[in-house]
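Chemist: Let chain H serve as the given structure and place chain G on it in line with the hints.
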Amino acid sequence: MKKKLVAVLLAASMAFGLTACGNKDDSANNAANNAGNNTNVENTEAAGGSDAAEGTEAGAGAENAGGSALNSDTGILYINLASEPDYLDPALNSSVDGGCLAVNSFAGLYTYDSTGALIPQLATDMPEVSEDGTVYTVKLKESQWSNGDPLTAQDFVYSWNRVINPDTTADYAYLFDVIARNGDALAVETPDDYTMVITLNSPCPYFNDLMAFPTFFPVHQASVEAADTEVPGTWAQEAGFVCNGAYTLESWNHDESMVYVKNPNYYDAENVTMDELHFMLSADDTAIYAAYNAGDLDYIDTVPTDEISSLNGVNPEFGILDNLGTYYVGFNVNDPLFDGKTVEEAAKMRQAMNLLIDRQFIVENVGQSGQVAADSFVPLGMADGNGGEFKQADTSYYDAQSTGALMVEDAKALFEEAGYSFTDNGDGTYAIDPAINMTYLTNDGSGHIAAAESMQQDFAVLGINMEIKSEDWNVFLENRKNGNFTIAREGWLADYNDPINMLELFTSDSGNNDMQLGKGSGESAPDWSDYDALIKEIRNTTDFAARVDLLHQAEDMLMETGAVIPLYYYNDIYMQKPNVDGIYATVFGMKYFMYATKN
Amino acid sequence: MGRYLIKRVLLAIVSIFIVSAITFFVMNAIPGGPFNKEKATSAEAQRILEERYNLDKPIGEQYVLWIKNLAHGDWGVSLHNGRDIWSEITSRFAVSARLGGMAALVAIVLGLILGSIAALTRNRWPDRSIVFFTTLGTAMPSFVLATLLLLIFCLKLGWLPVWSSSSPNYVLPIIALSVYPMAYITRLTKTSMLDSLGQDYVRTAKAKGVPGWKVIFKHALRNALIPVVTYVGPMVAYILTGSMVVENIFTIGGLGSTFVTSITNRDYTLIMAVTLFLAILMVIANLLTDIAYKLIDPRITFE
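Chains as they are written, first to last, in the working numbering: chain H, 1 to 599; chain G, 1001 to 1303.
No wet-lab data here; the hints were simulated from the structure.
Bear in mind that the values here come from a model prediction, so they are computed numbers and not experimental data.
One should not assume that every hint holds.
[Unchecked claim] Here are the computed distance ranges between Cβ atoms for each label pair:
(1) G:Phe1017 <-> H:Thr229: 29 to 39 Å
(2) G:Arg1047 <-> H:Asp543: 29 to 39 Å
(3) H:Gly313 <-> G:Leu1065: 55 to 65 Å
(4) H:Ser529 <-> G:Glu1044: 18 to 28 Å
(5) H:Glu523 <-> G:Ile1059: 32 to 42 Å
(6) G:Glu1044 <-> H:Arg539: 15 to 25 Å
For each residue, glycine too, the CB sits at the ideal point set by N, CA and C.
Looking at chain H on its own, in the form it has when it is part of the complex:
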């Protein structure tokens, strides 16, 4: 009898045993599913788990001498973006992959065209904005839900108020903070069924972009109220729910496939060229890549890490998309490593380490897909909210091409100013006194660890000893958020095209302020109240030209702490069959499939 009990207990303990071997795949899985940002990049980097990637491409050309196999269903696009989405309810989704599904099956007031320009979707025109920039009037087209119900301005009001209702627990509810409130409700009036008058707290240069973001898409009130009796989002957890976009979800085999078919009630149905979208639900990049090569998929946005170098620039089916985001490294400013230092000395230590990192090496050997080495935190190509681009040639904080070996002397000088001394080892390396031993925190993922190893060697030149600790995704997030680290890997993909989206991460009360700026009482941590005040001023300023200067000031302030070390700007890879055309993506990672053609 004892034996049976042991067997049963073993079954229970498996639950915990399995975490150890399941990690690699699942961090990828997780990153793809619930990381609100940089999912695509995480996906390719973190999923180095499957050991047997080699060889899959060998069979690629077997069927089709000219390239990989093609399939001949011209009306169906076969796609892989990620594994099972958590929520299809646009209010609750917080992943980029879920956002891609949302933009293809829901329609908002505005959307993006293939050039990345903002265009009206359900709105008739761009909004009419009052002189003081706070009142937006939007006229709606007459359109219908997929079940034929009319879609009116009230649907938007209901949907938006649903997002900000605390019980909905929507991750992106804060995006609505720019809209003024009438009590608990948003200050959005509907003088008639097809007009919305939206009052903002203060002028907002990116409000039009927000109205194109999936969280601002309408949901069908009757469906939601009928199904969401216990927890929000239930109404869209199985196929067949009511939506208003180009496609409706016809079938959903969890963790296997999703079939979207054209919605005849979509306002622009006549221009939708692709009849059906079939999604493979998988995060196993070996399987995804094999399915692509076998001709079972037409479009994928992840390949095994080992394959990138053999595809980039070699295979014409491999492409790169720009993303608005930054892969970076962060220091915990309250870490004991900085004990006994002044604010300036601590900042100098961090800046010195910033200069030691050979970014070009990381981009070429770890990133491998043409990323641009970063010399600022706000990513390249981001708008400044005043009609221009935020990052200019003269706004770099260091020369990203030459950090590393060329800057060892500068870094050494900074460390000396911070109270350290060096002895020359005679072989180009130095020993630092007093010794610095620290640990780099990252989640599992071959790319993240390879980047860390590269930095480990860069730091070793000055005798700094850095160990690398990789943790299970969930534990990593918790430790990083709580400041249980000295130095950690970080990344942020912008949700909308304004520098405030990057800079507001670091206000004292932000949940994403992993660097713990303004959160501790350590003597070496910078006083952060000025930064908080500055961000507040940026949010309330009415003069957009002055706002650009304030944004630059905030970035200066952030970079001066040295707590944030940008490595490169994110981009996103994809592979697309040569017989497919017309798929486009935004810099936020949203992909639009409805106007695609296949022959």
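Modeler: Structure of chain G alone, referenced to chain H:
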């Protein structure tokens, strides 16, 4: 027999209860939480979610509440995406069980046949080749085999799709899942078959002029089955609950991958449900194994 069964069922309930308690407390002790996300959930949302799912209560009380709900047939909803746990588990299990059931059947039938052939042709070429392939089968991890199958049949030969939204391919995953247990059963059958072939009762049967096939199937194989049954019971339970590796490679939405993702997500309600489900299945499999002993060998008593 009846009394024995009642005793066994009662003990099983106690075991399952203990499993649930251990899982619950260990699960809560491991670091991480169900609402950790890269873009942090706001403090208010976090509070509302914890309240909604009773995570704000002391851990002991949480466990009592969970047991209470379970007693009312309420498995709760996933903390990760709000889906109903019971329908989630049953639909996933249906997938895994269909796949695993076929794989187990293939493994048992082929394993017994090959094992018997090997025993009867001892040291001749059929035996030699069977031993070669079973050694290979037990040595090769399922993910290597699965990837190899994918490479040969989907990419090189193009006979089967890697993934299909209309007609998912079950042939390769069944092979990937059944090769190891089949090889194991073959070896077990061969060894114990050789053992029983040397027994007096087989010699007696032969001496009495019983036909060769009857000697093998009625006398030798039947007695050779006991060690095989010992292995098959838990193997079936294990294979029915799915394999994460095979499910991932062949894009199958079974229980195996659900189990692993529930743990990485710290989806407490789902972890509890899957563990409990697995434990019950194991207990049932063990019980059936014991009953099978009795049916195969009347000499075995339960006292």
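Chemist: That 15 to 25 Å hint for G:Glu1044 and H:Arg539 (C-beta), does it hold up?
Modeler: 19 Å, holds
Chemist: Within 32 to 42 Å: is that where the Cβ-Cβ distance between H:Glu523 and G:Ile1059 falls?
Modeler: Holds, at about 38 Å.
Chemist: Just tell me: holds or violated, for the beta carbon distance of G:Phe1017 and H:Thr229 against 29 to 39 Å?
Modeler: 31 Å, holds
Chemist: Check the following: the C-beta atoms of H:Ser529 and G:Glu1044 are separated by a distance inside 18 to 28 Å.
Modeler: With Cβ atoms ~23 Å apart, the hint holds.
Chemist: Has the hinted range 29 to 39 Å been met by the Cβ atoms of G:Arg1047 and H:Asp543?
Modeler: Since G:Arg1047 and H:Asp543 have Cβ atoms about 38 Å apart, the given range 29 to 39 Å holds.
Chemist: Assuming the hint says 55 to 65 Å, is it satisfied by the Cβ distance from H:Gly313 to G:Leu1065 or not?
Modeler: Holds - the Cβ-Cβ distance for H:Gly313 and G:Leu1065, about 58 Å, lies within 55 to 65 Å.
Violated hints are absent here; each numbered hint is respected by the structure.
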